[in-house]
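Keeping the supplied structure of chain A fixed, place chain B upon it in accordance with the hints.
Listed here are the chains, written in short residue letters.
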Amino acid sequence: MKKSGILPGFGISLGFAVTYLSLIVLIPLSAVFLKTATMHWGRFVETVTSARVMASYRLTFGASFVGAVIDSIFGFIVAWVLARYSFPGKRIADAMVDLPFALPTAVAGISLTSLYAPNGWLGQYLHPLGIDVVFTRVGVVLALTFIGLPFVVRSVQPVIEDLGSDVEEASASLGANSWQTFCRVIFPAVFPALLTGFTLAFARGLGEYGSIIFISGNMPMHTEITSLLIVSKLEQYDFAGATAIASVMLVTSFALLIVINGLQARTRKFEETR
Amino acid sequence: MSSSVSSNPVRGRGSAITRWTLICVALLFLIVFLVLPLASVFVEAFAKGWQTYLDSIRDPDALSAIRLTLVASGIAVTLNLIFGLMAAWAISRFSFKGKNLLISLIDLPLAVSPVVSGLIFVLLFGLHGWFGSWLDDHNIRILFAVPGVVLATIFVTFPFVARELIPFMQAQGSDEEEAALVLGASPWRTFFSITLPNIRWSLLYGVILCSARAMGEFGAVSVVSGHIRGETNTLPLHVEILYNEYNFAAAFSVASLLSLVALVTLVAKKIIEEKAGLRGGRA
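Here the protein sequences come in this chain order: A and B.
In terms of my numbering, the first sequence is residues 1 to 274.
In terms of my numbering, the second sequence is residues 1001 to 1283.
With a straight-line cut-off of 27 Å between C-alpha atoms, the simulated DSSO-like cross-links for lysine-lysine are:
(1) 1099(B) / 269(A)
(2) 1270(B) / 90(A)
(3) 269(A) / 1097(B)
(4) 1275(B) / 90(A)
Hints in this document: simulated from the structure, not taken from any laboratory.
Please read all numbers here as calculations on a predicted model, not as lab measurements.
Next up, chain A with everything else stripped away, as it sits in the complex (with noise of 0.2 Å):
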């Protein structure tokens, strides 16, 4: 199947990829569904929809969403400056945005709760106002909205970029205002862009941990992550229950993987019919 017969080296790249990958993520990895397997179903039915599990879902599902909406609509918009305009300190500005993947999940935690505590630099001016950040959901959404930030972002600047200045010029000179610009120009075209930044911000948000564990306070029922369920079941020495839930992580993480593929790829179509 080789396509050029002089290149050498295919037996031996392809046999130690195939090998390597197969060692360290395909056989760990099914280690986790062979384990849930063990499991009788109705215990592995009773584990990942009991009370504590569910209220996890809820906050762990509904944060990433709410966190991945707020990344959108300042993503779009930095995104947009960075994309269009010239201002002082725009490399910064474009370099800085990388710092949610760059900066130790952990790193985010501490310093992020240490802002917004009651004392901290924003803490102080949010607290009177009756905002508590630290230890409730909304310090949750925060660290999830930190995190997401950069797939919005760099989902969405190079379709601004590509789109050029020269199809708003024409839907102006069109009679358009600004506004109808923006609503039937640009946003169809920047939408597929914006719903794969959406949801690779939302499918990082997830599996997130070390960023929200500092923040959250960790309380049962009420702060709590699924994450940080799967790490205290751990703790306890419920490997089949921890790997119960960890199992409905990654069926969900996987479901959210073909999604991002399928929107990718159709941003890519999108991109070559323009």
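Okay, now just chain B, sitting in the frame of chain A:
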């Protein structure tokens, strides 16, 4: 009417207000959400002065955490780099069945949450895991020991080099390498004088992203490490322990080292993007 049909309607007066409003909203958002958290790390780190800062970093447990972080990320980056080169070579230079499946499977670890990434190694090597009793009989420790930390780090950073190299090498094609081989260069010579120089920026980019994630990984490592001070603690885990002991100045001092690594990563990433004309945002 005539004003709206000017040669460049985007730069009208109305849009100047829109433009500056949007720039201010974007910058304010970035400052509140990104700059303030980063700045607070350094301010909190020096809250009790230089001496406390230096003492927290020179603490034997901190030094051992630095060492373990460097060892684990060094091994993870090296192995994933070799894998990335092998996978990218096979995928970009040959056609074979199941290629698209292979590309998708390489990205799989990115979809797995950090805690679950750690859990899978507990299931394999824990006392009740697949290999647990065998390892125990032979007195080999993987879980709650350095090998577990290294394995978890390899898993979470698995795709980083490969996913930079694969699209880059696919776009590049193999004409130059074929020419070199036809002209009689050995495979190794072809690799070192043609392939490697061509992919160097893309390779470096992947290595930088891979190292940043390897040094900062928290969830997966926290599940497998067992948090043994001076032995299996990486820097992020050391930060957590200090923080949970209410030793905030020390926690932020150690965190400031990781933040410096993050800043260096951002600068290096930006430089490579501009130098090599890569478009940012892949991570």
